[in-house]
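Undergrad: Sequence:
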Amino acid sequence: MTVRACVPEDAPAIFEIVNDAAQAYKGVIPEDRWHEPYMPMQQLLDEMRAGVRFWGEEDAGELVGVMGLQDRGEVDLIRHAYVRTKLRNTGCGTRLLRHLESLSDKPILIGTWAAATWAIAFYKKNGYRLLGPQGTRRLLRKYWSIPERQIETSVVLASPRWHGD
21 MTVRACVPED
31 APAIFEIVND
41 AAQAYKGVIP
51 EDRWHEPYMP
61 MQQLLDEMRA
71 GVRFWGEEDA
81 GELVGVMGLQ
91 DRGEVDLIRH
101 AYVRTKLRNT
111 GCGTRLLRHL
121 ESLSDKPILI
131 GTWAAATWAI
141 AFYKKNGYRL
151 LGPQGTRRLL
161 RKYWSIPERQ
171 IETSVVLASP
181 RWHGD
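Per this note's numbering, residue 21 is the first one in the sequence shown, and the count goes up by one each step.
Among these hints, one or two may not hold up.
[Claimed, not checked] Under the rule of at most 20 Å between Cα atoms (straight-line distance), these lysine to any residue pairs were calculated in the SDA-like manner:
| id | residue 1 | residue 2 |
| --- | --- | --- |
| 1 | K46 | T105 |
| 2 | K145 | P167 |
| 3 | K144 | P167 |
| 4 | K145 | K162 |
| 5 | K162 | W133 |
| 6 | K162 | H183 |
| 7 | K46 | R104 |
| 8 | K145 | L107 |
| 9 | K162 | D91 |
| 10 | K145 | R115 |
| 11 | K144 | Y45 |
| 12 | K144 | S122 |
| 13 | K162 | V95 |
| 14 | K106 | K126 |
| 15 | K106 | G81 |
| 16 | K126 | R92 |
| 17 | K144 | P127 |
| 18 | K46 | W133 |
| 19 | K46 | P127 |
| 20 | K126 | L107 |
| 21 | K162 | E82 |
| 22 | K106 | E36 |
| 23 | K106 | G155 |
| 24 | K46 | A25 |
| 25 | K46 | P28 |
| 26 | K145 | D91 |
| 27 | K144 | G155 |
| 28 | K106 | R161 |
| 29 | K106 | S122 |
| 30 | K144 | E168 |
| 31 | K162 | G184 |
[Unchecked claim] Label pairs and their in silico Cβ distance ranges:
| id | residue 1 | residue 2 | range |
| --- | --- | --- | --- |
| 32 | R161 | G81 | 36 to 46 Å |
| 33 | G155 | D125 | 33 to 43 Å |
| 34 | G184 | A80 | 38 to 48 Å |
| 35 | R149 | A44 | 30 to 40 Å |
| 36 | E29 | L150 | 15 to 25 Å |
| 37 | E36 | T173 | 18 to 28 Å |
Keep in mind that the hints were calculated from the coordinates and are not lab data.
Just so it is clear, the structure is predicted and the values come from calculations on it, not from any experiment.
Yeah, the Cβ is synthetic: ideal placement off N, Cα and C, and Gly gets one too.
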């Protein structure tokens, strides 16, 4: 398994991984937030143009997991962290997270669905702390470009370097 920077030509594989892994959200996140595909190709391309740099883990030349890093000035955001369903719980997510952490010298923030308990547990296991509701809403509005409904149903986790609320 090798972690590498993704290139624009990886967009179809990233799209496939995101939408495969996002099936875990179906019936879990608010129904009005679920759609198929979960992340349309145009949205993925827009995220890349907005500065989300994707990294992927390869196994035998195939991307099996992806995670994005977005520079937002005083913080970096982990965005769109997904592993193919068949390879969950194999360490791929942890390896990607550690790699992205090694690229950053700033506090890292991660937003996810409040109902995605498995994602919250993953980040907590990896040293991130769940922020309170007021800090979460403030940070989601400041660093993310997401609808108000998503802000209402999301949480933020912070790396040990984060010293805010």
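Undergrad: Does each hint fit the structure? Answer for all of them.
TA: Status of the hints after comparison with the structure:
1. K46 - T105: Between K46 and T105 the Cα gap is close to 13 Å, so the pair holds against 20 Å.
2. K145 - P167: violated, 28 Å
3. K144 - P167: Roughly 25 Å between the alpha carbons, so the hint for K144 and P167 is violated.
4. K145 - K162: violated, 26 Å
5. K162 - W133: holds, 17 Å
6. K162 - H183: holds, 16 Å
7. K46 - R104: Measuring from Cα to Cα gives roughly 15 Å; hence the hint holds.
8. K145 - L107: holds, 18 Å
9. K162 - D91: Roughly 13 Å separates the two Cα atoms, so the pair holds.
10. K145 - R115: holds, 13 Å
11. K144 - Y45: Satisfied, since the Cα-Cα distance of roughly 19 Å is no more than 20 Å.
12. K144 - S122: Judged against 20 Å, a Cα distance of about 18 Å means the pair holds.
13. K162 - V95: holds, 11 Å
14. K106 - K126: violated, 32 Å
15. K106 - G81: holds, 16 Å
16. K126 - R92: Holds. K126 to R92 sits at ~10 Å (cutoff 20 Å).
17. K144 - P127: With a Cα-Cα distance of about 15 Å, the restraint between K144 and P127 holds, given a limit of 20 Å.
18. K46 - W133: holds, 12 Å
19. K46 - P127: violated, 31 Å
20. K126 - L107: violated, 30 Å
21. K162 - E82: violated, 35 Å
22. K106 - E36: Status holds; Cα separation ~13 Å.
23. K106 - G155: violated, 35 Å
24. K46 - A25: Not satisfied, since the Cα-Cα distance of roughly 29 Å exceeds 20 Å.
25. K46 - P28: violated, 28 Å
26. K145 - D91: violated, 24 Å
27. K144 - G155: Holds, at about 17 Å.
28. K106 - R161: Violated, at roughly 34 Å.
29. K106 - S122: Cα-Cα ~26 Å, so violated.
30. K144 - E168: This hinted pair is violated, its Cα atoms lying about 25 Å apart.
31. K162 - G184: holds, 13 Å
32. R161 - G81: 36 to 46 Å: holds, 41 Å
33. G155 - D125: 33 to 43 Å: violated, 22 Å
34. G184 - A80: 38 to 48 Å: holds, 42 Å
35. R149 - A44: 30 to 40 Å: violated, 23 Å
36. E29 - L150: 15 to 25 Å: violated, 36 Å
37. E36 - T173: 18 to 28 Å: For T173 against E36, whose Cβ atoms are near 25 Å apart, the range 18 to 28 Å holds.
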